[in-house]
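Below, each chain spelled out in residue letters.
Number of protein chains: 2
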Amino acid sequence: MAVGLGPLPTLHPVPGFELGIASAGIKRPGRKDVVVMRCAEGSSVAGVFTLNAFCAAPVILSKQRVGGTVRYLLTNTGNANAGTGEPGLQAAERTTARLAELTGVDASAVLPFSTGVIGEPLPVEKIEGALQAALDDLSVDNWAAAATGIMTTDTLPKGASRQFQIDGVTVTVTGISKGAGMIRPNMATMLGYIATDAKVSQSVLQDLIRDGANKSFNRITIDGDTSTNDCCMLIATGQADLPEVTEARGPLFDALKKAVFEVCMDVAQAIVRDGEGATKFVTVEVNGGANHQECLDVGYTVAHSPLIKTALFASDPNWGRILAAVGRAGVPDLDVSKIDVFLSGVCIASKGARASTYTEAQGSAVMAEEEITIRIELGRGDCSETIWTTDLSHEYVKINAEYRT
Amino acid sequence: MAVGLGPLPTLHPVPGFELGIASAGIKRPGRKDVVVMRCAEGSSVAGVFTLNAFCAAPVILSKQRVGGTVRYLLTNTGNANAGTGEPGLQAAERTTARLAELTGVDASAVLPFSTGVIGEPLPVEKIEGALQAALDDLSVDNWAAAATGIMTTDTLPKGASRQFQIDGVTVTVTGISKGAGMIRPNMATMLGYIATDAKVSQSVLQDLIRDGANKSFNRITIDGDTSTNDCCMLIATGQADLPEVTEARGPLFDALKKAVFEVCMDVAQAIVRDGEGATKFVTVEVNGGANHQECLDVGYTVAHSPLIKTALFASDPNWGRILAAVGRAGVPDLDVSKIDVFLSGVCIASKGARASTYTEAQGSAVMAEEEITIRIELGRGDCSETIWTTDLSHEYVKINAEYRT
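Chains as they are written, first to last, in the working numbering: chain A, 1 to 405; chain B, 1 to 405.
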């Protein structure tokens, strides 16, 4: 069902960043469910984490530790270690302590990540038993295997890679993600890991992943639900022979930012494309807002409207539902007579009413496509925001009704 | 599919309030689609209207006129007169002017209400042609016929009635509603008409319907979508031989408020029970909030979560999805360790984690019922809010995907 999502592109190795995959048999014997990532000494690590107040034990721990020296990222699937209280925190501490012991680093240098069922105790011994195999497997060439290793309900692995040259040096940015997560937070969650061999100070790196995630991971939505375990990490190993980026400016920073944002965007959009039950990939573009917040309010109201989502599933160019959603988005003093709405380039509503030039045939033609853009022009200012989402299909209800705790 | 919604109860006539039903053939020849309501001279009329910025032409007109003398309410189904711009306003003015002409009142004494398809011109002549028949039909005994006359996609008529005695005088409050509206705003909308023979000043009446709607019509939600045409009106004819209520206190006011609120609640909940595709009637009760807004934020986040709604459809006691929704509701400094969640009396989550006493068998037993209460205890204060909603079924997607503009 994945919409416009093909096989993995080439994922260039990132010098100083190795990945190892192993099987702990958490849900099924033999399934690859543990991924260890090693960051070369001197790496900077930054991350953004779920804002859900019920954040899982590994998220609590990773948030505490990400500011310090980080050498390993330990991910397991099959169990989210969420809703597990104090014992869950201790379980996450134990797995990271064991990895630290095996590798001779401080326990605080290991960040844990978990995805899977909520509310069940983390199978600590199983995970510990798989760590040595994962370490033995470490290689810079393992991105594709890791992309598969972090999958849960995903139907396809997700990854993206960019390279650029600066002063004759090639810099690589490679990332992977998983997550039909917003659909099934019980079984899955949204995880992203992006690494570069550029050298970047932690504070610049933190701003970079915050801004990058903000334009990508934080702009995708399937049903508005947010997992307890969502994380997106950015690692800079510093192995490229270039000066350290310590400020958010200059040609190296600009090129790096572009590459990081593109990788973020690709792997974030891949999550939407692989949303279970998705038959359409929908871009909601809101222009002409007086500020960014009102663009987001309109965009999310449209993207979350079950009425619009079912119309998208049915390829129904239902301009009335779109206008009604814009109207209830809570934009203060909205002048509806200034609003235009376009469906993939076709003007369906003009000045707040059905466009006189619009024909059902035009609307049906664009709605028949797998990729649809809903563009809303508010006519109030210069701000824009873009959100990506899916339709709401029979399959969505089927998957989520039939999956049980 | 209506959940726990039987035939209409006895709808007591309200002295001074007559209803007449006729057929204008707007969508189908012979279908009853025009309802005229006459308020006795001296009646007070108050109302609450959709907050959607794209409010329909009749809503614009009724909002302007409701403060003055009102003698007639004119409702048509089959056409919402929404998204119709200036010509739509003129069309609404014409139908009300014609009714005023036939009855010898000012045009401003007639309030128009429309529900049906969006974006098509109101068939003014058809409606005008049916007005005399509706006037000829006026009777205080026509509540049940009017409840049917305002239906669009509703499967059952909706009405409620209360009487109370004070100083030996019987006071009646009777109301009707329609609306699978939040599901199909293109075809339907939420309308409520409640009348009493008490004498009430306009300002007290306006506060009464605002507060009553706030606890009923504004607390029901099916999918979060709000129609362009929603209205709820309260009429006080003053025919009961009692002093005028001019202040929001005293035994008469208290008894009237109780009756009005109960009628509001019954007819509002009936809309949810008749929500198309609904198989469950769900009460979301949020207690222990520091303020009302955070209770509402939590309640609506739970009520709108497609993950929770599909779990309800599947009778799946999915406590993880409920906790995750509470966690992302945006409550500041939420201490998850204080949160308890109950499903129809069964504690499923305690102190932010799965309750130790909880068994799947308990959860499955309560989820098998048609009526389910999700009670969330925030443990932060004394505020409470209650919201009513439905599950999300295959049928919902089917109805909304197959209905076309």
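FYI, nobody ran anything at the bench for these hints, they're computed from the structure. A hint or two may mislead.
What the hints assert, rightly or not - Partial chain A-side listing against chain B, Cβ under 7 Å, derived:
| # | residue |
| --- | --- |
| 1 | Asn52 |
| 2 | Gly83 |
| 3 | Thr310 |
| 4 | Val336 |
| 5 | His394 |
All residues carry an ideal CB built from backbone N, CA and C; glycine is no exception.
Quick rundown of the hints versus the structure:
{"no.": "1", "hint": "Asn52", "verdict": "holds, 4 Å"}
{"no.": "2", "hint": "Gly83", "verdict": "holds, 5 Å"}
{"no.": "3", "hint": "Thr310", "verdict": "holds, 4 Å"}
{"no.": "4", "hint": "Val336", "verdict": "holds, 5 Å"}
{"no.": "5", "hint": "His394", "verdict": "holds, 5 Å"}
Violation of the numbered hints given earlier is absent; every hint is satisfied by the structure.
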